[in-house]
Amino acid sequence: MYFDSLAAALQMDGHGAFVWSAYFITIGVVALMVYAPRRREQRFLRQLEGQIRRSEGGNPPGASKEV
Amino acid sequence: MWTLFHKFGSPPWLYRLSGSILRWLLPITLLALIGGAIWGLLFTAPDFRQGNSYRIIYIHVPAAVVALAGYYVMAIAGAVSLIWRMKMADIAMRACAPIGAALTFVALVTGSIWGKPTWGTWWVWDARITSMLILLFLYLGVVALYEAYENKALAAKACAILSLVGTVNIPIIYKSVDWWYSLHQPASIKFTGGSTIDPSMLYPLLFMITAFYCLFTCALLLNMRVEILQREQRTAWVKALANKGAAG
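Which chain is which? The protein sequence lines are A and B, in order.
The opening residue of the first sequence carries number 4 in this note's numbering; numbering runs sequentially from there.
The opening residue of the second sequence carries number 70 in this note's numbering; numbering runs sequentially from there.
It is worth saying that the hints were derived from the structure and are not from the lab.
Glycine included, each C-beta is placed from N, C-alpha and C at the ideal position.
It is possible that some hints are incorrect.
Stated by the list, open to error - Non-contacting residues of chain A with respect to chain B, defined by C-beta distances greater than 10 Å in every case (computed):
(1) A10
(2) R43
(3) G60
Unchecked claim - Derived DEER-like restraints, expressed as beta-carbon distance ranges:
(4) A:R57 to B:W108: 46 to 56 Å
(5) B:I107 to A:R49: 34 to 44 Å
(6) A:R57 to B:W192: 29 to 39 Å
(7) A:I55 to B:W153: 45 to 55 Å
(8) A:G17 to B:T72: 57 to 67 Å
(9) A:R57 to B:K244: 23 to 33 Å
(10) A:S58 to B:I107: 43 to 53 Å
(11) A:R41 to B:T279: 36 to 46 Å
(12) B:T279 to A:L35: 16 to 26 Å
(13) A:R49 to B:V193: 24 to 34 Å
(14) B:T72 to A:G53: 35 to 45 Å
(15) A:A39 to B:D116: 29 to 39 Å
All chains, please: the whole structure from these sequences, using the hints.
This is the structure we're talking about:
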């Protein structure tokens with residue numbers, strides 16, 4: 004490791020606030036890029052499952068299927 | 070080749086393929102991003118002129134490089150969607166826009182943070198930075214334009230035209246540091262001629278660029294999967310998937 008201690012790594016000779024904030028913002032954006040579509044996919048499948056259940060529940064067995 | 074082209078046009082095939090790719094590519098990508106960031110942050114020497122602030126390069130440059138490459142992917146998908154009316158190309162174009170916008174945002178914000186200790190200012194209206202801001206607006210424009218139309222076929226056409234017209238901006242971004250006087254430094258990595266960056270800094274940078282390309286691929290596939298499900302929600306295979314309660 005280049006730095007002697009954790010404090011030196013955090014401070015980075017006065018540039019720590021700039022460097023670490025840039026990395027944390029990037030981590031946030033990357034997490035959102037990966038998490039948001041996965042959540043949308045899960046939510047959509049759950050919604051669709053609910054719709055299918057409701058439509059199946061609304062039609063008693065043997066009832067004619069009108070379009 | 071044409072068989073593969075036709076296979077890519079099949080939503081269930083692409084959905085299943087993307088699921089099996091993401092199962093191994095996503096964890097590898099996240100590990101590579103963490104590893105590359107640690108390498109750049111803690112295991113490289115500081116720049117002799119910029120000190121430790123230069124460490125932002127390991128996220129700023131990869132984000133910018135992939136944001137530019139992502140625009141080409143979006144424009145090519147737009148062209149394929151316009152010419153062959155291929156549904157999957159339309160989905161890919163639509164999926165590229167928010168990812169490109171996110172990466173351009175990262176490039177602009179990290180560049181701005183890097184600018185403060187290096188140039189003494191958060192922002193300058195110079196050619197490179199302004200053309201990158203235009204790239205962000207082009208990506209957001211594609212997202213907004215698609216949402217603005219009720220008729221999605223028309224929306225896809227309009228977005229494809231916008232993304233194709235916007236490609237004019239990409240060579241301007243590449244060449245902006247050569248064509249105009251700019252605070253932004255010229256390219257350090259050159260494919261023709263020698264790079265002006267030390268190998269100890271170059272290798273982690275190339276590693277992070279590769280990791281960001283993988284991130285783009287993962288995010289593209291993740292976004293495409295949602296789009297595929299939404300468009301194919303009336304088909305039997307999507308209903309079966311919803312009934313199973315699994316996301317693949």
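Hint check:
1. A10: Fine: 13 Å to the nearest Cβ keeps A10 (chain A) off the interface.
2. R43: With a cut-off of 10 Å, R43 (chain A) comes too close to chain B, as the shortest Cβ separation is near 5 Å.
3. G60: Label holds. Min Cβ-Cβ 14 Å, cutoff 10 Å.
4. A:R57 to B:W108: 46 to 56 Å: Holds - the Cβ-Cβ distance for R57 (chain A) and W108 (chain B), about 52 Å, lies within 46 to 56 Å.
5. B:I107 to A:R49: 34 to 44 Å: Hint holds: Cβ distance 37 Å, inside 34 to 44 Å.
6. A:R57 to B:W192: 29 to 39 Å: 52 Å, violated
7. A:I55 to B:W153: 45 to 55 Å: 33 Å, violated
8. A:G17 to B:T72: 57 to 67 Å: The hinted range 57 to 67 Å holds for G17 (chain A) and T72 (chain B), with Cβ atoms some 59 Å apart.
9. A:R57 to B:K244: 23 to 33 Å: Because 57 Å falls outside the window, the suggested range is violated.
10. A:S58 to B:I107: 43 to 53 Å: The hint (43 to 53 Å, Cβ to Cβ) holds, given that S58 (chain A) and I107 (chain B) are roughly 51 Å apart.
11. A:R41 to B:T279: 36 to 46 Å: 23 Å, violated
12. B:T279 to A:L35: 16 to 26 Å: This hint holds: roughly 21 Å between Cβ atoms.
13. A:R49 to B:V193: 24 to 34 Å: 47 Å, violated
14. B:T72 to A:G53: 35 to 45 Å: 38 Å, holds
15. A:A39 to B:D116: 29 to 39 Å: 35 Å, holds
Hint compliance for this structure: hints 2, 6, 7, 9, 11 and 13 are not met, and every other hint is.
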